Amino acid sequence: NAGVTQTPKFRILKIGQSMTLQCTQDMNHNYMYWYRQDPGMGLKLIYYSVGAGITDKGEVPNGYNVSRSTTEDFPLRLELAAPSQTSVYFCASSYGNRIETQYFGPGTRLLVL
Amino acid sequence: KNEVEQSPQNLTAQEGEFITINCSYSVGISALHWLQQHPGGGIVSLFMLSSGKKKHGRLIATINIQEKHSSLHITASHPRDSAVYICAAMGGNQFYFGTGTSLTVIP
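Residue numbers (this note's numbering), protein chains in the order written: chain A, 1 to 113; chain B, 1001 to 1107.
To be clear, the hints were calculated from the coordinates, so they are not data collected in a lab. Being a predicted model, the structure only gives us computed values, none of them experimental. Heads up, the beta-carbon is just placed ideally off N, CA and C, and yes, glycines get one too. Treat the hints loosely; a few may be bogus.
[Stated by the list, open to error] Computed footprint of chain B on chain A; a stretch qualifies when at least three of its residues, placed anywhere within it, have a C-beta under 8 Å from a C-beta of chain B:
{"hint": "1", "segment": "11-19"}
{"hint": "2", "segment": "73-87"}
[As the list claims (entries may be wrong)] Below, a list of computed lysine-lysine pairs in the BS3-like style, where the Cα atoms sit at most 30 Å apart:
{"hint": "3", "chain 1": "A", "residue 1": "Lys44", "chain 2": "A", "residue 2": "Lys14"}
{"hint": "4", "chain 1": "B", "residue 1": "Lys1055", "chain 2": "B", "residue 2": "Lys1068"}
{"hint": "5", "chain 1": "B", "residue 1": "Lys1055", "chain 2": "A", "residue 2": "Lys44"}
{"hint": "6", "chain 1": "B", "residue 1": "Lys1068", "chain 2": "A", "residue 2": "Lys57"}
[Stated by the list, open to error] Sample of chain A residues lacking proximity to chain B, with all beta carbon distances greater than 12 Å (derived):
{"hint": "7", "residue": "Thr7"}
{"hint": "8", "residue": "Asn28"}
{"hint": "9", "residue": "Asn62"}
{"hint": "10", "residue": "Gly63"}
{"hint": "11", "residue": "Thr70"}
{"hint": "12", "residue": "Phe90"}
{"hint": "13", "residue": "Leu111"}
Between the sequences and the hints, there should be enough to build the whole structure, so can you do that?
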């Protein structure tokens, strides 16, 4: 199993551009999550999904959108990139409910200039 | 005020020392997780606790629900334990993460 994979690993965006961060898991996990990690700050939950077709907002959803059309994929969309979205983004998944062990992807480093 | 506070923020130890990292939280939780973030950035889940104590190899995690406190212990520390250790409290629909404890183990 590849586990949780994320693409791209690194990206530079100009202000106002849009992009999609890809996340795929091959463990047949129901729950998937998107976090951002800013320097010196804890991880913050952006969005999460409890299964295909179901998504919900986390602590910092503004400026992002998600979709979950399949169990495996959970892409994160940035529509109008802003410097405040410069961060490292982690995708994670868990088999059961939210309190179970989460498996993290390697992260995507995003720089918005 | 952060819902999850970790101490210390930074810790340097000699190889072989016993290490304790503390986590206090102020919210009601369903579970508490300890995560390890390697220098390259990857994150691995170490433990999920809802009560009592868990042990995996040289790592031990404990939680006291009444005192809203958890500890992560590393016995016989090794340079490969050098990483950032993150405490995460899961309550309701919310996840609260500490800012991490940066551990450096010197040979």
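Outcome of the hint check:
Counting residues of the segment 11-19 of chain A whose beta carbon lies closer than 8 Å to any beta carbon of chain B gives 0, which falls below the threshold of three, so the coverage claim is violated. Remark: the segment 73-87 of chain A is not confirmed as covered by chain B, as 0 of its residues place a Cβ nearer than 8 Å to a Cβ of that chain, below the required three. At roughly 23 Å between alpha-carbon atoms, A/Lys44 and A/Lys14 fall within 30 Å of each other, so this suggested pair holds. Simply put, B/Lys1055 and B/Lys1068 have alpha-carbon atoms about 20 Å apart, close enough for the 30 Å limit, and the pair holds.
A C-alpha spacing of about 27 Å is found between B/Lys1055 and A/Lys44, which places the hinted pair at or below 30 Å, so the restraint holds. With a C-alpha separation of about 26 Å, the suggested pair B/Lys1068 and A/Lys57 falls inside the 30 Å cut-off, and the hint holds. Distance check for A/Thr7 against chain B: the nearest CB is about 15 Å away, which clears 12 Å, and the non-interface claim stands. Even its closest Cβ contact with chain B, about 18 Å, leaves A/Asn28 beyond 12 Å, as expected for a residue assigned away from the interface.
Here A/Asn62 stays apart from chain B, with its beta-carbon at least about 16 Å from theirs, past the 12 Å limit. Annotated as non-interface, A/Gly63 keeps its C-beta farther than 12 Å from every C-beta of chain B; the closest such distance is 19 Å. With 12 Å as the threshold on Cβ separation, the claim that A/Thr70 sits away from chain B holds: the shortest Cβ distance comes to roughly 23 Å. The beta carbon of A/Phe90 is not kept farther than 12 Å from every beta carbon of chain B, the shortest such distance being approximately 6 Å.
Distance check for A/Leu111 against chain B: the nearest CB is about 15 Å away, which clears 12 Å, and the non-interface claim stands.
When the structure is compared with the earlier hints, violations turn up for hints 1, 2 and 12 and for no others.
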